[in-house]
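K.L.:
Sequence:
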Amino acid sequence: MAAAAALARLATAFLLLAAQVAAEYGMVRVVSELGVPRGKDYCILYNPQWAHLPHDLNKASLLQLGDWTSSLLCSPSDIPASGFSNQIPLVARGNCTFYEKVRLAQGSGARGLLVVSKEKLVPPGGNKTQYEEIGIPVALLSYHDMLDIFRSFGHKVRVALYAPSEPVLDYNMVIIFIMAVGTVALGGYWAGSRDVKKRYMKHKRDDGPEKQEDEAVDVTPLMICVFVVMCCSMLVLLYYFYDHLVYVIIGIFCLASSTGLYSCLAPCVRRLPCCECRVPDNSLPYFHKRPQARMLLLALFCMAVSVVWGVFRNEDQWAWVLQDALGTAFCLYMLRTIRLPTFKACTLLLLVLFIYDVFFVFITPFLTKSGNSIMVEVATGPSDSATHEKLPMVLKVPRLNSSPLALCDRPFSLLGFGDILVPGLLVAYCHRFDVQVQSSRVYFVASTIAYGIGLLVTFVALALMQRGQPALLYLVPCTLVTACAVALWRRELGAFWTGSGFAKDLPQPP
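In the working numbering, the protein residues as written are 1 to 510.
Simulated from the structure, these hints should not be mistaken for lab results. You may find that some hints are simply not true.
Stated by the list, open to error - For lysine-lysine, the following DSS-like pairs were computed, each having C-alpha atoms within a straight-line distance of at most 30 Å:
| no. | residue 1 | residue 2 |
| --- | --- | --- |
| 1 | Lys128 | Lys59 |
| 2 | Lys118 | Lys128 |
| 3 | Lys396 | Lys118 |
| 4 | Lys40 | Lys118 |
| 5 | Lys40 | Lys390 |
| 6 | Lys59 | Lys40 |
| 7 | Lys369 | Lys120 |
| 8 | Lys118 | Lys156 |
| 9 | Lys369 | Lys118 |
| 10 | Lys344 | Lys369 |
| 11 | Lys369 | Lys128 |
| 12 | Lys59 | Lys156 |
| 13 | Lys156 | Lys128 |
| 14 | Lys118 | Lys390 |
| 15 | Lys40 | Lys156 |
| 16 | Lys40 | Lys120 |
| 17 | Lys118 | Lys344 |
| 18 | Lys396 | Lys40 |
| 19 | Lys120 | Lys156 |
| 20 | Lys120 | Lys344 |
The structure displayed is predicted, hence computed values, not measured ones.
Make a model of the complete structure from these sequences and hints.
P.N.:
In structure tokens form, the structure reads like this:
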């Protein structure tokens, strides 16, 4: 009996999976009959088991859209006297099955059927006998999109239903790759050079302006454990209380990113030959240090950029540019101020976060009622979120290819800050070690190239599996193994592991 019950559950799961696979996103091209030249695509959800949609828009028939949304199309009395000849009727969802609606529409001469839904779009299902009987496509259109169609084009419109093939890989991945590898390379180089320079200045007992810079924070094993526990706790809390905590994360991002932007731009502003005057003597907090006027202006500019993003963060047309700029500055700031003192600490941090990433992407779907990954659900925003807000702790670039998935579900490709910061800390350590042992930056170059290769492997896995990937699954082995291999090749693994290459008598940095 137990075996039979297990087989029954397995069969049910298989049928549910089959139903999910049968549901596909498509597009409906809407054009006005009144001579408006440009049309617009809207998202639809259809079941190819009813009827397949053409992949090419040029092969799709442009048919009149009949507005019958006041009707549910559940009985012959709902059919107009003239029928639906060569039309695609638009009807309301409810009161009867999709099969009953599409059967009546097909019998009245319709060439397709669009069902308007005020609820979440679900695949229009049926059984094998019903699929064989019906020869016209049936798809669901959201109520919001229906309102936009009539507002933009009026009620006299023509529509074409089609489903273009999804590209294997979107071209926006090239942009994400350049931003991520560039941030890791620049952050690692800056962090290593700054650390060596500060050590040299300290050795010379220099009291110049360099001493006023923020000190780097050495990461200890205890700090790593606390950090991972905090990450796990915050991720679980966001999964269950997303609508409440998302605004806290947005506020933290605004503060941290404005600080990061200031940190990145400050060295450039200090070189400008203007606004060098200082604030008069006073006893106010921070101002008692008499900062330069140009640095105050820079601080105001950085705060203004952060506020502008915070206000217009949901503007999909351009707000992503500000988010990526602020995010890149934030990552550079973190790479500069957080320091892993040994390769042992690097290995511990990367391996622990490797397990964390894999667990929350691949294991949590077996633990949640919805069967969704906690990591992916939080990163992309829960589908049932009342706020429709997205977490800003990612680099995001809009998809450049026109596809149903981009239109309906994932208009942006994402890469989390953790996938930049975690390997970037190792790259920074490699650069510091390079300078100290005078190895012509072989560790730094090798680890940066390894990061780029790991990111490429992540993109390939994403294209092959068509689901969210834990990037650290590929980035951690690539970077750790490469750094370790270089140390073995140069016979410096002992010094590299303990960080003992940082001698007391430091040479002047180049």
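K.L.:
Of the numbered hints stated previously, which ones are contradicted by the structure, given in increasing order?
P.N.:
10, 13, 17 and 20
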